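Protein chains: 2
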Amino acid sequence: MAADLYPPDQLFEFTVRVFRHFDVPADDARTAATVLQSADLRGIDSHGVARLHTYFDMLDLGRINPKAQVSIVRESASTATVDGGNGLGLVVGPKANEIAMEKALAAGSGWVSVRNTNHYGIAGWYVLEALKRGLIGWSMTNTTRLVAPLWGAERMLGTNPIAIAFPGAEEPPIVIDMATCTAAYGKIEMARRAGSQIPLGWAADRNGVPTTDPNAMIDGGALLPLGSDREGGGHKGYALAVMVDVLSALLSGANWGPFVPPFALRQEMPTRSVGKGIGHFLGALRIDAFIDPDEFKKQIDDMVRTLRRTRPAPGTEGPLIPGDPEREAESVRGRDGIPLTQPVVEELLDISRRTGIPLEKRR
Amino acid sequence: MAADLYPPDQLFEFTVRVFRHFDVPADDARTAATVLQSADLRGIDSHGVARLHTYFDMLDLGRINPKAQVSIVRESASTATVDGGNGLGLVVGPKANEIAMEKALAAGSGWVSVRNTNHYGIAGWYVLEALKRGLIGWSMTNTTRLVAPLWGAERMLGTNPIAIAFPGAEEPPIVIDMATCTAAYGKIEMARRAGSQIPLGWAADRNGVPTTDPNAMIDGGALLPLGSDREGGGHKGYALAVMVDVLSALLSGANWGPFVPPFALRQEMPTRSVGKGIGHFLGALRIDAFIDPDEFKKQIDDMVRTLRRTRPAPGTEGPLIPGDPEREAESVRGRDGIPLTQPVVEELLDISRRTGIPLEKRR
Chain Z
1 MAADLYPPDQ LFEFTVRVFR HFDVPADDAR TAATVLQSAD LRGIDSHGVA
51 RLHTYFDMLD LGRINPKAQV SIVRESASTA TVDGGNGLGL VVGPKANEIA
101 MEKALAAGSG WVSVRNTNHY GIAGWYVLEA LKRGLIGWSM TNTTRLVAPL
151 WGAERMLGTN PIAIAFPGAE EPPIVIDMAT CTAAYGKIEM ARRAGSQIPL
201 GWAADRNGVP TTDPNAMIDG GALLPLGSDR EGGGHKGYAL AVMVDVLSAL
251 LSGANWGPFV PPFALRQEMP TRSVGKGIGH FLGALRIDAF IDPDEFKKQI
301 DDMVRTLRRT RPAPGTEGPL IPGDPEREAE SVRGRDGIPL TQPVVEELLD
351 ISRRTGIPLE KRR
Chain S
1 MAADLYPPDQ LFEFTVRVFR HFDVPADDAR TAATVLQSAD LRGIDSHGVA
51 RLHTYFDMLD LGRINPKAQV SIVRESASTA TVDGGNGLGL VVGPKANEIA
101 MEKALAAGSG WVSVRNTNHY GIAGWYVLEA LKRGLIGWSM TNTTRLVAPL
151 WGAERMLGTN PIAIAFPGAE EPPIVIDMAT CTAAYGKIEM ARRAGSQIPL
201 GWAADRNGVP TTDPNAMIDG GALLPLGSDR EGGGHKGYAL AVMVDVLSAL
251 LSGANWGPFV PPFALRQEMP TRSVGKGIGH FLGALRIDAF IDPDEFKKQI
301 DDMVRTLRRT RPAPGTEGPL IPGDPEREAE SVRGRDGIPL TQPVVEELLD
351 ISRRTGIPLE KRR
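Line order of the protein sequences matches chains Z and S.
If you use our numbering, the first sequence corresponds to residues 1 to 363, in order.
If you use our numbering, the second sequence corresponds to residues 1 to 363, in order.
So here's chain Z without its partners, still in its complex pose:
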């Protein structure tokens, strides 16, 4: 799809002003814009300003508290449960991440389960923050239901991502950031817009039958868990999604599974509430609590180089290192700008019209 390039800093300022329009405190607005910008820079287009209109709608309708206070409701030396006060996940998540990192600095590791929060952007942003402090960061969140359990015919779980990152010395870090379903919902939408089929194994229709028709998934069908079917190990992707849900929501007191509240206005409301908001799980490990950090980073370098030297499978250039594609995107987009499709630009222009905040169109 044709896309215009927008300078990252201009999109950032626009985003900050949109959050400020709803009286989100200045620091919080900048944090939220930073998380969204990170998605756009790293090529995860579905999680950047493409979502700004949804945040706009939720704030406009009072569904999210722009000035929420984050509070610790229970804690131990290495753990905490945080209540996000129904604030922006883009603000609550980073604050909970700070708590996890502070706990790690004091106790070797820190683990924070978060309730009463909203979508927190890309899981990977949180672990990149931990990397800046020399920590191993973990990040998980549950999300609105989209995925069928193996042998299920309906959406019961979110795409429930897991992120974790490990620093190298001379090599770039290993950065893992993956949804626990086979393919992202954004890929289904892209296929629909392009009028093309999707591979078998990505989705099922409303009857639970595997489908290659993106519309059949979107119209009441479901994504499939990583592994897709029994032979492919679909029970494993399903189990990982359950793990993320329990750590994020049952441990904090948030909604889980099919009861996670919708992120976008057009999504259906859950049949009941079993907790508060959605849930995240954020963790940090201090490397020197286990091993000399320089030795660890040297070994990461060695592992990265060893994996890159793997004999390539036919038709490929050999294995990538987790995080390579995002780092490549960040390099290109930081230089050339962020490509926005026309529908996303239209959404931003709609926000601009309704708030009076100008959207710069070109560098």
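Hints are computed from structural coordinates only; laboratory data are not their basis.
Errors might be hidden in some of the hints.
Calculated lysine-lysine pairs in the DSS-like style (CA-CA distance at most 27 Å, straight line) [unchecked claim]: (1) Z:Lys95 / Z:Lys276; (2) S:Lys297 / S:Lys132; (3) S:Lys276 / Z:Lys298; (4) S:Lys67 / S:Lys276; (5) Z:Lys95 / Z:Lys132; (6) Z:Lys297 / Z:Lys276; (7) Z:Lys276 / S:Lys297; (8) S:Lys276 / S:Lys132; (9) Z:Lys276 / S:Lys298; (10) Z:Lys132 / Z:Lys276; (11) Z:Lys132 / Z:Lys297; (12) S:Lys276 / Z:Lys297.
Since the structure is predicted, the reported quantities are computational estimates derived from the model, not experimental observations.
Fit chain S to the given chain Z structure using the hints.
Below, chain S without anything else, positioned relative to chain Z:
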């Protein structure tokens, strides 16, 4: 394949006596036999007494220290690095797990990375131990290379399992125990013995080409990571295997990736050593460090019941809960006995002949 049923307690006593034959201390021998028995009872046949001859060989050749001391080489309030002294993983793993659980009781969570150890049995045993103390247990280990990274044509990573368990109140616990490859090596061997094909997506041949021939995998080919190929999300299974390897080995100072030492005698030796032995990563979370445990367990019950009520996909009876198949096996085998195939029985009889320890053949 035809199988004879053996009473669990007689196999247990045989196993204890085999370890005692090599002067493994009595308590350690019973622990090791308990871990192996758990695999046999839970239906994970590849990890039970089917492996006893391999342990026998390794002990017989002095490759494993039967009287190893486990020592903490670095620690913080919530973490530790443990050196297993090249002991049995079936003994080192449980001791490291104890340390993780003690740390959790004191600091809310406990995380132990282990080096200089050997294969530790089923990952699930460790998290079941944590359940007994009311803790959420985590367990990972790296293993001898068998799996190709996505776009790789050779074995570079182990099957690197992840286990985690969550207790319910009235419902049985959710117990996740999964290798990070699509299918277990044991399934490839079963297909070879049966002379049947394997599904596309499980394995590649020695040139990195996906294959349905089990011999092509066994003869220098590789297992494929969970997700199998790029479209199926094979980069995610690969990333999970890397995650397990880093936490288990790079954080502890063990060997990783293609340098993990072989478990069985017939396996090739790695080209170099990058650490000590293999590595495990064991963790525990205290539930009451996050939320009231009764409330948590009630929510787990609700989640289990909710997932069981999922509308079934055509041709299925609906989703299972992770841990269902193993619990079912445990119930049947605890009553009827453990089925051993003739090759496994032959191996046990060989041990019996060489040690003079009688193997009871029937209930």
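The hints, checked one at a time:
1. Our distance criterion of 27 Å between C-alpha atoms is met by Lys95 of chain Z and Lys276 of chain Z, whose separation comes to about 18 Å.
2. Between the alpha carbons of Lys297 of chain S and Lys132 of chain S the distance comes to roughly 14 Å, so the proposed pair stays at or under 27 Å and holds.
3. Annotation: proposed proximity of Lys276 of chain S to Lys298 of chain Z holds, straight-line Cα distance about 16 Å (limit 27 Å).
4. Simply put, Lys67 of chain S and Lys276 of chain S have alpha-carbon atoms about 17 Å apart, close enough for the 27 Å limit, and the pair holds.
5. A threshold of 27 Å between alpha carbons decides the hint, and for Lys95 of chain Z with Lys132 of chain Z the separation of about 15 Å falls inside it, so the pair holds.
6. A C-alpha spacing of about 40 Å is found between Lys297 of chain Z and Lys276 of chain Z, which places the hinted pair above 27 Å, so the restraint is violated.
7. Taking the CA atoms of Lys276 of chain Z and Lys297 of chain S, the gap is near 17 Å; set against the 27 Å cutoff, the hint holds.
8. Proposed proximity of Lys276 of chain S and Lys132 of chain S is contradicted: the alpha carbons are some 31 Å apart, above 27 Å.
9. With a CA separation close to 16 Å, the supplied pair Lys276 of chain Z and Lys298 of chain S stays within the 27 Å bound.
10. For the given pair, Lys132 of chain Z sits about 31 Å from Lys276 of chain Z by alpha-carbon distance, which is inconsistent with the 27 Å threshold.
11. Restraint check for Lys132 of chain Z and Lys297 of chain Z: the C-alpha separation of about 14 Å stays at or below 27 Å, so the hint holds.
12. For the suggested pair Lys276 of chain S and Lys297 of chain Z, the alpha carbons sit about 17 Å apart, so the restraint of at most 27 Å is met.
Hints 6, 8, 10, counting from the list given before, are not met by this structure.
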